[in-house]
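Going down the list, the sequences are from chains A and B. All residue numbers for the first sequence refer to the numbering used here, where the first residue is 1 and numbers rise by one. All residue numbers for the second sequence refer to the numbering used here, where the first residue is 1 and numbers rise by one.
Calculated from the structure, these hints are not laboratory results. Some clues are possibly wrong.
Each computed DSS-like pair below joins lysine-lysine, with the alpha-carbon atoms no more than 25 Å apart [stated by the list, open to error]:
(1) A:9 <-> A:83
(2) B:147 <-> A:192
(3) A:43 <-> A:83
(4) A:147 <-> B:192
(5) B:83 <-> B:58
(6) B:83 <-> B:9
(7) A:83 <-> A:13
(8) B:43 <-> B:58
(9) B:192 <-> A:192
Protein chains: 2
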Amino acid sequence: MTAQVRTKKRDPKGNRSTLIRATLESISEVGITDTTVSRIIEKAGLSRGMVHLHFGGKTQLLAAAAQAFSDEYYFGIDRHVQKVGHAPERIIMAVVTADLSEELLNERATRILHAFRGAASTHTGIAEVSGTRDDRLRDMIRAAFSKIAADYPDEDPDVLARDATFGLLALLEGMWSDYLLNPNAFSREVAKSIVCRFIGGLFPDHF
Amino acid sequence: MTAQVRTKKRDPKGNRSTLIRATLESISEVGITDTTVSRIIEKAGLSRGMVHLHFGGKTQLLAAAAQAFSDEYYFGIDRHVQKVGHAPERIIMAVVTADLSEELLNERATRILHAFRGAASTHTGIAEVSGTRDDRLRDMIRAAFSKIAADYPDEDPDVLARDATFGLLALLEGMWSDYLLNPNAFSREVAKSIVCRFIGGLFPDHF
DNA sequence: TAACTTAATGGACGATCGTCCATTAAGTAT
DNA sequence: ATACTTAATGGACGATCGTCCATTAAGTTA
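My request is simple: use the sequences and hints to build the entire structure.
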């Protein structure tokens, strides 16, 4: 078995992901509506029939691209979170920092996210995949807030954790929208300080 | 000059707005991508050439629909705000309540908003019109927060008002996204209480 | 009523769109 | 080397797409 990276004539898995990459690139450039099969295969440098061969159709390719984009985001978050250990406050801050970092929050990502959002309500295959910042992330945040909320005996910990989770995700969502519509005026520092004001208001002893 | 509402054979203004209404209805049902001229005129019950006659083309019709939708939202907010007088705290709460009311926040509206959002970054005519919850609203909120912030001498009033404005709009944005993706699980009461926690954290003497 | 302006119609048009398949090529097993 | 399986190609296909215009109708002015 040779390494064969250079001159592989056949590469089904590679071509599959090339198509997905080309699709995401096209969406970030011209939006979903103008992302046609012709444009995708031109970007990918592959032949027309490949979409049907590997995905069965354009619809499934879009769904696979949505899934890949979602994973890309989540793994980006996860990498940051892994580094900070298990203290819940640090996990929360890692999520916030990562979500607002240039690595994850940039023009390409905001355009793709909102393009899929716009299509999610009417295209099942996409909706399943682009839930509110992914259920995985939501669960991670809620678990962290639940631990923190236990230190506030004056409040119902479930309600507090729920509000913190919901609020934080909504706030971050809004930051992405703002970035999308106004990438030049956007300030990561201001965004972060506002998020900190929010969670600091809920958990004054921790943030 | 007769009233002629019943049997008007020609009605350019009426047909124009019928086309816009049909466009928004189509977008809320099948998204922007599948909103075709054929579908629009079928919904409107008008003839094919009318799109070109009244708007010059589909692109301009979409832009006009985006504008109409934006106005629809803003005037809805404004009506609520007019009722509560000039006290800044009451203006803010009126905006929040209106934004989360069923009149403004519903499946149709969230679908249309996000459909336009997804197209905004790549279609100039739409982007101009669907800024972050409209500059008019942003200015109104900021003015109210500026007055309130003057009562907090420990903070820079400009920074405080800016953070409150930015944060509130982002939070409401996020609520809309959550509603879009999960209309059944969404609770207006929870959403409102979270918003109140946020502004209450910034302005403890007022909210 | 006649002449004129504006609105509305709906089909024809070329230009895409996405799908699919007959054909060729590459890789594997016998 | 041969037979076989899987990958890749690219053009043909019917089905739409949005635009536009020749034609008809409605309303207005003279």
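A quick look at each hint next to the structure:
1. A:9 <-> A:83: 40 Å, violated
2. B:147 <-> A:192: Within the cut-off at roughly 24 Å; holds.
3. A:43 <-> A:83: 36 Å, violated
4. A:147 <-> B:192: 24 Å, holds
5. B:83 <-> B:58: The hint is violated at about 38 Å.
6. B:83 <-> B:9: Answer violated: residue 83 of chain B to residue 9 of chain B is near 40 Å, above 25 Å.
7. A:83 <-> A:13: This hinted pair is violated, its Cα atoms lying about 31 Å apart.
8. B:43 <-> B:58: Answer holds: residue 43 of chain B to residue 58 of chain B is near 15 Å, not above 25 Å.
9. B:192 <-> A:192: 22 Å, holds
In summary, the numbered hints that this structure violates are 1, 3, 5, 6, 7.
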